[in-house]
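**Student:** As they're listed, the protein sequences go chains Y and U.
Under UniProt numbering, the residues of the first sequence are numbered 1 to 216, in order.
Under UniProt numbering, the residues of the second sequence are numbered 1 to 216, in order.
Hints listed in this document are in silico derivations from the structure and should not be mistaken for laboratory results.
Computed from a predicted structure; not experimentally measured.
Just so you know, even glycine gets a beta-carbon here, dropped at the ideal spot from N, CA and C.
Certain hints may be false.
[Unchecked claim] Cross-link-like lysine to any residue pairs, in silico, SDA-like; alpha carbons within 20 Å at most: (1) Y/K176 <-> Y/Y54; (2) U/K176 <-> Y/A30; (3) Y/K176 <-> U/R201; (4) U/K176 <-> U/D107; (5) U/K176 <-> Y/K176.
[To be verified] Cβ-to-Cβ under 8 Å is the rule here; a few derived chain U residues that face chain Y: (6) S111; (7) Q115; (8) E121; (9) T126; (10) Y141; (11) L144; (12) G150; (13) P151; (14) R158; (15) M159; (16) T162; (17) A166; (18) I170; (19) R201; (20) E204.
There are 2 protein chains.
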Amino acid sequence: MTPAATPAYRRLSVEERRSQLLASALSLFAHRAPEDVSLDDVAEAAGVSRPLVYRYFPGGKQQLYEAALRSAAEELRHCFDEPREGPLLARLSRALDRYLAFVDQHDTGFSALLQGGSVVETSRTTATVDGVRRAAADHIYRHLGVTGPGPRLRMTVRMWITAVEAASLIWLDEGKEPPVEELRAWLVEQFVAVLTVTAGRDPETAELVGTLTAEA
Amino acid sequence: MTPAATPAYRRLSVEERRSQLLASALSLFAHRAPEDVSLDDVAEAAGVSRPLVYRYFPGGKQQLYEAALRSAAEELRHCFDEPREGPLLARLSRALDRYLAFVDQHDTGFSALLQGGSVVETSRTTATVDGVRRAAADHIYRHLGVTGPGPRLRMTVRMWITAVEAASLIWLDEGKEPPVEELRAWLVEQFVAVLTVTAGRDPETAELVGTLTAEA
Numbered sequence: 001m002t003p004a005a006t007p008a009y010r011r012l013s014v015e016e017r018r019s020q021l022l023a024s025a026l027s028l029f030a031h032r033a034p035e036d037v038s039l040d041d042v043a044e045a046a047g048v049s050r051p052l053v054y055r056y057f058p059g060g061k062q063q064l065y066e067a068a069l070r071s072a073a074e075e076l077r078h079c080f081d082e083p084r085e086g087p088l089l090a091r092l093s094r095a096l097d098r099y100l101a102f103v104d105q106h107d108t109g110f111s112a113l114l115q116g117g118s119v120v121e122t123s124r125t126t127a128t129v130d131g132v133r134r135a136a137a138d139h140i141y142r143h144l145g146v147t148g149p150g151p152r153l154r155m156t157v158r159m160w161i162t163a164v165e166a167a168s169l170i171w172l173d174e175g176k177e178p179p180v181e182e183l184r185a186w187l188v189e190q191f192v193a194v195l196t197v198t199a200g201r202d203p204e205t206a207e208l209v210g211t212l213t214a215e216a
Numbered sequence: 001m002t003p004a005a006t007p008a009y010r011r012l013s014v015e016e017r018r019s020q021l022l023a024s025a026l027s028l029f030a031h032r033a034p035e036d037v038s039l040d041d042v043a044e045a046a047g048v049s050r051p052l053v054y055r056y057f058p059g060g061k062q063q064l065y066e067a068a069l070r071s072a073a074e075e076l077r078h079c080f081d082e083p084r085e086g087p088l089l090a091r092l093s094r095a096l097d098r099y100l101a102f103v104d105q106h107d108t109g110f111s112a113l114l115q116g117g118s119v120v121e122t123s124r125t126t127a128t129v130d131g132v133r134r135a136a137a138d139h140i141y142r143h144l145g146v147t148g149p150g151p152r153l154r155m156t157v158r159m160w161i162t163a164v165e166a167a168s169l170i171w172l173d174e175g176k177e178p179p180v181e182e183l184r185a186w187l188v189e190q191f192v193a194v195l196t197v198t199a200g201r202d203p204e205t206a207e208l209v210g211t212l213t214a215e216a
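With the hints as constraints, model all of the structure from the sequences given.
**Tutor:** If you want it as structure tokens, here you go:
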């Protein structure tokens, strides 16, 4: 017989325990509004006691939310990783597929975060979200082979990224319609269309559009 | 000699005083971040005492901010008022001119409000901002002569409205460059471009694009 003092589960290291708590928090925050997640829920999902959650996250729910958000942001940045080879629009399509899969898997949390006015929103959460946007823009410039993008190209890329976020929110609102493949193809077409509009006013962008069109 | 009991200024009615306080608050919130505006600033700008401000706005700065925001939202809705006559894109250009003039006049407040994470942001301020977005979309549908827009048209219009907001924020960030006329013309071109992309997937939008192109 196993002595009662030996726990049935393996003891986790500090890092493992922290990761486990974060993963539990993230999966709760992904599918509920932040105000509908309590520390008790996190403790229960992780199979630990509430004081243990506090030991790792003394700032309570707000700290846990921000840590979960940073971890989600990290995951989202990985969505943008794409080898710099093959046609540009095919690379963009693959990155968008991963981004939209992330949106699909974190639906409620994604909406709550980006719709604003949430109880857990602070300048730190805003900075995390802005960091992801900047990373997305930097990836696009890198793939386009642009090192110091001019103001018109920058504005166009940032507007398109915002439009992709808006489309993702609306897509969630509309019960994930149209099908994700259609949404993705449409967003890629919009990317080309808005760049083409800017090309009419900006030689740098005109050159890029020339490359994109030559590949197609 | 004027008796000392007669004040040099005319007594304002309750409604007039409230409007005066709101106007003072709005002009402060337009050019400073909300955390940099105090009730004392509002009292001083309105030439009244701090207790008088509290009498009208017992909820203090938060209440004053929300009331000023509602008043700004009302003003912004008026920007969209445009007679339903003449070419559609000329109407859109005029409405955008007024919108961008509003952005120009309320620069810091506009950025603070839309960048999120502000101390005064609540679900009520978010709802006010969303109300303006919805009003903008409704105006566009009305001018396009659409009563029950389909999901693809709705998504396109809402994405473009979000992109206009993003462009406005970036424009403020970039020291109001490019010149406002160029920004406005470019946003109109983007409107046509994104509708044209959607037209390839949606007969309702295709018909509208046909009308827009025929007018040009």
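**Student:** Are there hints from earlier that the structure breaks, and if so, what are their numbers?
**Tutor:** Failing hints, ascending: 1, 2, 5, 6, 10, 11, 12, 20.
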